[in-house]
Amino acid sequence: MIQVSNLSFSYTRQPFISDMSFFVSSGEIFGFLGPSGAGKSTLQKVLIGMLTAYQGSAMVNGIECRHRTRRFYEDIGVDFEFSTMYEKLTAKENLQFFSSLYEKKTRPIDELLEMVGLEHDGDKRVADYSKGMKSRLNFIKALLHDPLLLCLDEPTSGLDPTNSRMMKNMILAERAKGKTILLTTHNMQDAAELCDRVAFIVNGKICALDSPHNLIMSKGAATVTYTWIDNGEHSASCPIDRLSDDEQLKRLIANNCLQSIHSSEPNLNDIFMDITGRTLL
Amino acid sequence: MRLGSLFLWDIRFQAKHGFYFLYAVLTVLYVAVLFAVPESWKEKTAAILIFSDPASMGLFFMGAIILLEKSQHTPCAFAVSPVCPMEYIIAEVSSLSAISLAAAVVLASAAGADNLHIVLLGTAISSMIFTLFGIIIATKISSLNQFILWTVPIEIVCFGPAILHLFKITPAWLRYYPVNVCMEMVSGGTPSAMGILIVMALLAILFILSKHCVLKMWSSTGGVKL
Ligand SMILES: Nc1ncnc2c1ncn2[C@@H]1O[C@H](COP(=O)(O)OP(=O)(O)O)[C@@H](O)[C@H]1O
Ligand SMILES: [Mg+2]
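Those sequence lines, one after another, are chains A and B.
Going left to right, the first sequence walks through residues 53 to 333 as this note's numbering numbers them.
Going left to right, the second sequence walks through residues 32 to 257 as this note's numbering numbers them.
It should be emphasised that the hints constitute simulated quantities derived from the structure, not laboratory data.
Careful, some of the hints might be misleading.
For lysine-lysine, the following DSS-like pairs were computed, each having C-alpha atoms within a straight-line distance of at most 30 Å [as the list claims (entries may be wrong)]: (1) A/Lys144 to B/Lys199; (2) A/Lys157 to B/Lys171; (3) B/Lys247 to A/Lys156; (4) B/Lys171 to A/Lys186; (5) A/Lys156 to B/Lys47; (6) A/Lys140 to B/Lys73; (7) A/Lys140 to B/Lys199; (8) A/Lys183 to A/Lys144; (9) A/Lys156 to B/Lys242; (10) A/Lys229 to B/Lys247; (11) A/Lys176 to B/Lys47.
For reference, chain A alone in the conformation it holds in the complex (with noise of 0.2 Å):
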């Protein structure tokens, strides 16, 4: 679906988005992971066609995006990390008038509503919307014509976790229809959660690319942490393919002195630690 290969980007003369290659599968779910201003919306306006003066070479749905026509467009839905709607007009006035500019047939829009949970908030002003309405009036606006390609910027950023749980429902139904889904995101129980691949990207570099499970896998197993009294507390701890090598905790079992013991898992925000030496926020 896409092929991306030596990207390069910038909207000034210093260097900004270099020499990235990937390519995404169709009916996968691909997630830009990485902290805030390291290009992911950037690389995700390229793919989307909106930023045309790059170098090399990025292909979506077998077009190059700088020739894309505005055809292009009938195939790819994109969702903004800002509201995108006539403030003035009720929110079905403004699904009404986008679906309007497609060539295609569109979706039932009071059906999307009711997916989104705004179905009794059809007929108000977009201007009367909270955020977390706003932000999923804007990602059913990205489904009205059933796009091949779905492009979400931040999708789950300011939703509660119901909204947020919901939303990550519709995205996985997306991808079981056959439909492609890049996502950019900083949170990374979303992209553990939801991305078949990921690419840590940091100052528009991908550091990483590989699914989640792999990338978790990669920083080696969890580790084993327990607490024992003795003249006070004292604790140690044992990678968890390695305990029937530890004497200590042997011992601690068959005298039953365990206080207390916790296996940790690394999840994928100490893997995006290990790997760029950054956090993600």
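Starting from the known structure of chain A, arrange chain B with the ligands on it as the hints suggest.
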């Protein structure tokens, strides 16, 4: 039909923002003025009123519309839609021209203008020219103050000569100056073939320029604060 839909939604949008109400009120006001002036001034007064308001309202209102759209990030939505810049421009230009024409019909009839069809043709062409100028300026700027500043030179080079021309104070060769051709038509005079040709050329240039400006605005992502 995408163009038809854009046009209808533009009209709805303008109605919601009170454009139609405003022009209904202004038109009543202008008709009152026409009834107040002496019979012999009527036609010239009507020409000035039509030219300086309904025909040129596109300059200001296009600025307001685009600044509003920028502040709501809708240019980004257009940038990733199948809409062509030209469709967007034609819809805006024709929807604003509709308001111009409606007001001009009333004013010209109230003044008892003879060549109503020429007055209306002149109004339509003027309205297109001013709206296109409005689009070109509005895509380049990011605040209302900047916009007002930029419209001043346009007003000087458009309104000054046109009004002088109406009173026949300008030299003969200036009758080919595009806004003067427009003014001539708005006052009911039949334009020369050369004049029409020049006006059409100006329109073509403005359409092409505004297409580039709109495309550029759509792909630059910065919003504005009003
Ligand atoms: N239109 C623009 N012109 C110049 N610089 C920009 C523009 N848009 C974004 N930037 C800069 O690019 C950098 C990365 O932005 P962005 O791609 O939005 O990062 P992310 O989405 O990863 O948070 C920021 O430092 C930002 O200031
Ligand atoms: Mg971003």
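Unsatisfied constraints (hint numbers, rising) = 1, 2, 6, 7, 10
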